[in-house]
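Residue numbers (the numbering used here), protein chains in the order written: chain P, 3 to 363; chain U, 3 to 363.
A hint or two may mislead.
Which copy is meant is left open, because identical chains are indistinguishable; a pair holds if it fits in one copy or across any two.
[What the hints assert, rightly or not] In the DMTMM-like style, the derived pairs of lysine to aspartate or glutamate whose C-alpha atoms are separated by at most 20 Å in a straight line are:
1) Lys111 x Asp195
2) Lys308 x Glu160
3) Lys185 x Glu146
4) Lys308 x Asp216
5) Lys76 x Asp216
6) Lys116 x Glu15
7) Lys318 x Glu218
8) Lys323 x Asp112
9) Lys116 x Asp195
These are calculated hints, taken from the structure and not from any lab test.
Number of protein chains: 2
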Amino acid sequence: MAAAPSTPLLKDELDIVIPTIRNLDFLEMWRPFFQPYHLIIVQDGDPTKVIKVPEGFDYELYNRNDVNRILGPKASCISFKDSACRCFGYMVSKKKYIYTIDDDCFVAKDPSGKDINALEQHIKNLLSPSTPFFFNTLYDPYREGADFVRGYPFSLREGAPTAVSHGLWLNIPDYDAPTQLVKPLERNNRYVDAVLTIPKGTLFPMCGMNLAFDRELIGPAMYFGLMGDGQPIGRYDDMWAGWCTKVITDHLSLGIKTGLPYIWHSKASNPFVNLKKEYNGIFWQEELIPFFQSVTLSKEATTVQKCYLELAKQVKAKLGKVDGYFNKLADAMVTWIEAWDELNPPKGAITTTNSPAVKSK
Amino acid sequence: MAAAPSTPLLKDELDIVIPTIRNLDFLEMWRPFFQPYHLIIVQDGDPTKVIKVPEGFDYELYNRNDVNRILGPKASCISFKDSACRCFGYMVSKKKYIYTIDDDCFVAKDPSGKDINALEQHIKNLLSPSTPFFFNTLYDPYREGADFVRGYPFSLREGAPTAVSHGLWLNIPDYDAPTQLVKPLERNNRYVDAVLTIPKGTLFPMCGMNLAFDRELIGPAMYFGLMGDGQPIGRYDDMWAGWCTKVITDHLSLGIKTGLPYIWHSKASNPFVNLKKEYNGIFWQEELIPFFQSVTLSKEATTVQKCYLELAKQVKAKLGKVDGYFNKLADAMVTWIEAWDELNPPKGAITTTNSPAVKSK
Numbered sequence: 003m004a005a006a007p008s009t010p011l012l013k014d015e016l017d018i019v020i021p022t023i024r025n026l027d028f029l030e031m032w033r034p035f036f037q038p039y040h041l042i043i044v045q046d047g048d049p050t051k052v053i054k055v056p057e058g059f060d061y062e063l064y065n066r067n068d069v070n071r072i073l074g075p076k077a078s079c080i081s082f083k084d085s086a087c088r089c090f091g092y093m094v095s096k097k098k099y100i101y102t103i104d105d106d107c108f109v110a111k112d113p114s115g116k117d118i119n120a121l122e123q124h125i126k127n128l129l130s131p132s133t134p135f136f137f138n139t140l141y142d143p144y145r146e147g148a149d150f151v152r153g154y155p156f157s158l159r160e161g162a163p164t165a166v167s168h169g170l171w172l173n174i175p176d177y178d179a180p181t182q183l184v185k186p187l188e189r190n191n192r193y194v195d196a197v198l199t200i201p202k203g204t205l206f207p208m209c210g211m212n213l214a215f216d217r218e219l220i221g222p223a224m225y226f227g228l229m230g231d232g233q234p235i236g237r238y239d240d241m242w243a244g245w246c247t248k249v250i251t252d253h254l255s256l257g258i259k260t261g262l263p264y265i266w267h268s269k270a271s272n273p274f275v276n277l278k279k280e281y282n283g284i285f286w287q288e289e290l291i292p293f294f295q296s297v298t299l300s301k302e303a304t305t306v307q308k309c310y311l312e313l314a315k316q317v318k319a320k321l322g323k324v325d326g327y328f329n330k331l332a333d334a335m336v337t338w339i340e341a342w343d344e345l346n347p348p349k350g351a352i353t354t355t356n357s358p359a360v361k362s363k
Numbered sequence: 003m004a005a006a007p008s009t010p011l012l013k014d015e016l017d018i019v020i021p022t023i024r025n026l027d028f029l030e031m032w033r034p035f036f037q038p039y040h041l042i043i044v045q046d047g048d049p050t051k052v053i054k055v056p057e058g059f060d061y062e063l064y065n066r067n068d069v070n071r072i073l074g075p076k077a078s079c080i081s082f083k084d085s086a087c088r089c090f091g092y093m094v095s096k097k098k099y100i101y102t103i104d105d106d107c108f109v110a111k112d113p114s115g116k117d118i119n120a121l122e123q124h125i126k127n128l129l130s131p132s133t134p135f136f137f138n139t140l141y142d143p144y145r146e147g148a149d150f151v152r153g154y155p156f157s158l159r160e161g162a163p164t165a166v167s168h169g170l171w172l173n174i175p176d177y178d179a180p181t182q183l184v185k186p187l188e189r190n191n192r193y194v195d196a197v198l199t200i201p202k203g204t205l206f207p208m209c210g211m212n213l214a215f216d217r218e219l220i221g222p223a224m225y226f227g228l229m230g231d232g233q234p235i236g237r238y239d240d241m242w243a244g245w246c247t248k249v250i251t252d253h254l255s256l257g258i259k260t261g262l263p264y265i266w267h268s269k270a271s272n273p274f275v276n277l278k279k280e281y282n283g284i285f286w287q288e289e290l291i292p293f294f295q296s297v298t299l300s301k302e303a304t305t306v307q308k309c310y311l312e313l314a315k316q317v318k319a320k321l322g323k324v325d326g327y328f329n330k331l332a333d334a335m336v337t338w339i340e341a342w343d344e345l346n347p348p349k350g351a352i353t354t355t356n357s358p359a360v361k362s363k
């Protein structure tokens, strides 16, 4: 197993957020890379169940009772029985950066057979600029051995701050239920050695399995919506967050990168169960994409919060007629921002402590 | 050396266009892949010089005297002493597809050590659809072992016809003179195993070194401009063609792919000479990019020719004030379309033959 870097990057500035319903044995494999960091575990489902975390990790764990206690009536914006609950972890973090990973994701190997330190690559992605305004054909120009190619305007070579780093998956690809059903045996074996910026004006399907972002730049847009228990839809939590985030990063001239790092995605979820969760989304996304492609934010929307509230308003106005669910979602978006601002007051204001039920050390 | 496929793809539907000033010894290395195809060689510079083509290739060769004879006064739109002259070859071709390659480009090897059949990969790129309307995080969804990921709207999965396949370069990267000067030793050793679509609304720097396109879909936009002898600019021929082409493919809902295949680019051109050719372009591109980013074509522009003539008009109106050169270029764009239509009359019309000076067989 590869050794972690001697001084882990951003050790005190990054939280790892993990939504789970089971013991976190998967962390054993990540120990060399994750142990220096603080974990925020969001326990989904039955709060009386005890989740075991391997020895030696520094963590805090929140279950549904904690969510309800900390947010009060605003807890309604946090999904239950769906990994969308992870966004609660983004909200209670006090760090600048978040990395979130699913508990069925393991350490992948690069083509030379070396273990991939996914977190280190995400941090590199976040700490170097993005290039959303013009495409560079040699991909990330800030990477060693690469640069901007001929014809790339010099005025654009400083790039834009990177808000999001979207990592990929070897083995089980992130397919929807119909594709899973049609191609049950398809595996992703292709290691594409590239990081690239999703251009401005282009939407993409953001997967929450292996994702890092800058909380200060974009945190309040990373709301994973209303999914799971009591909702007519599942498995669109990260998609929703991705579309909202992309519209807002475009508006604020921030960048989103995709590509490296890979993790090893071990288990395909059940396609029949997934179809039940997804079928409304499969219809609705045909209306959602044109909506997000054409939505515009005003000049007054100068913060992520302001952008997000404008977006919520337009969701209600334009998507409410697609299904009543979107009225509820638009309200939850507003609640989310209220809760975010309550837990993350402007610097200098008095801060409350959100003590979790379980804490290591 | 790898064997060529037993039945070469599109054998009678594709011409290989090569601009050159020297003997074409580089074709020896390409023999297994190129020999089944017809070559159009555009000889630049002194027309009395004899260019040697290795035995066994099927080719026609045009020198400046041929260009002048065939186009008459319209020959003014074809550059001299610049590889931009290659676009004459696109015009005289009668085939549906074009592949163009520089004579300092050799066969590259993939990571397994196998020779890359660049032409075969370009053809695969051109014969499968593009995805300009939404980004797929696993890159080309039509490639074996890949598909559209979760959250990709089903209505967009048919994609768009592919007009252009832009291939890349191992060894010497395609850098501008300032970058060449700063990083004289940088080599591109990274083999990125991906093909992707440049999203709609995003411009990119199109390099003419290793490029394929569908003449019927986009040919008349592939004008490489006025460069070289008597012009205040060089090395922007392919960039100009790329920006015009991208705007027009976006308008016509066609796709452009970039990525595989790689060729081995052997020689870095002289950065001092390049700087002299490029310096006006380096200034001007700062105005050109915003122009191309904001240009719109009318609903009446339903063919590539109509789009291109509208673009020429706007070049004159908006870029003429940047430099008088753009007035000349706008006129040349119109001349180019007139010459294209003369040599490529609508199907059913009487066709003239453009006999080259030199022809094999």
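Each hint tested on the structure:
no., hint, verdict
1, Lys111 x Asp195, "both (12 Å within a copy, 16 Å between copies)"
2, Lys308 x Glu160, "neither (26 Å within a copy, 37 Å between copies)"
3, Lys185 x Glu146, "between (37 Å within a copy, 12 Å between copies)"
4, Lys308 x Asp216, "within (17 Å within a copy, 46 Å between copies)"
5, Lys76 x Asp216, "neither (24 Å within a copy, 56 Å between copies)"
6, Lys116 x Glu15, "neither (26 Å within a copy, 45 Å between copies)"
7, Lys318 x Glu218, "neither (26 Å within a copy, 45 Å between copies)"
8, Lys323 x Asp112, "neither (47 Å within a copy, 52 Å between copies)"
9, Lys116 x Asp195, "both (14 Å within a copy, 18 Å between copies)"
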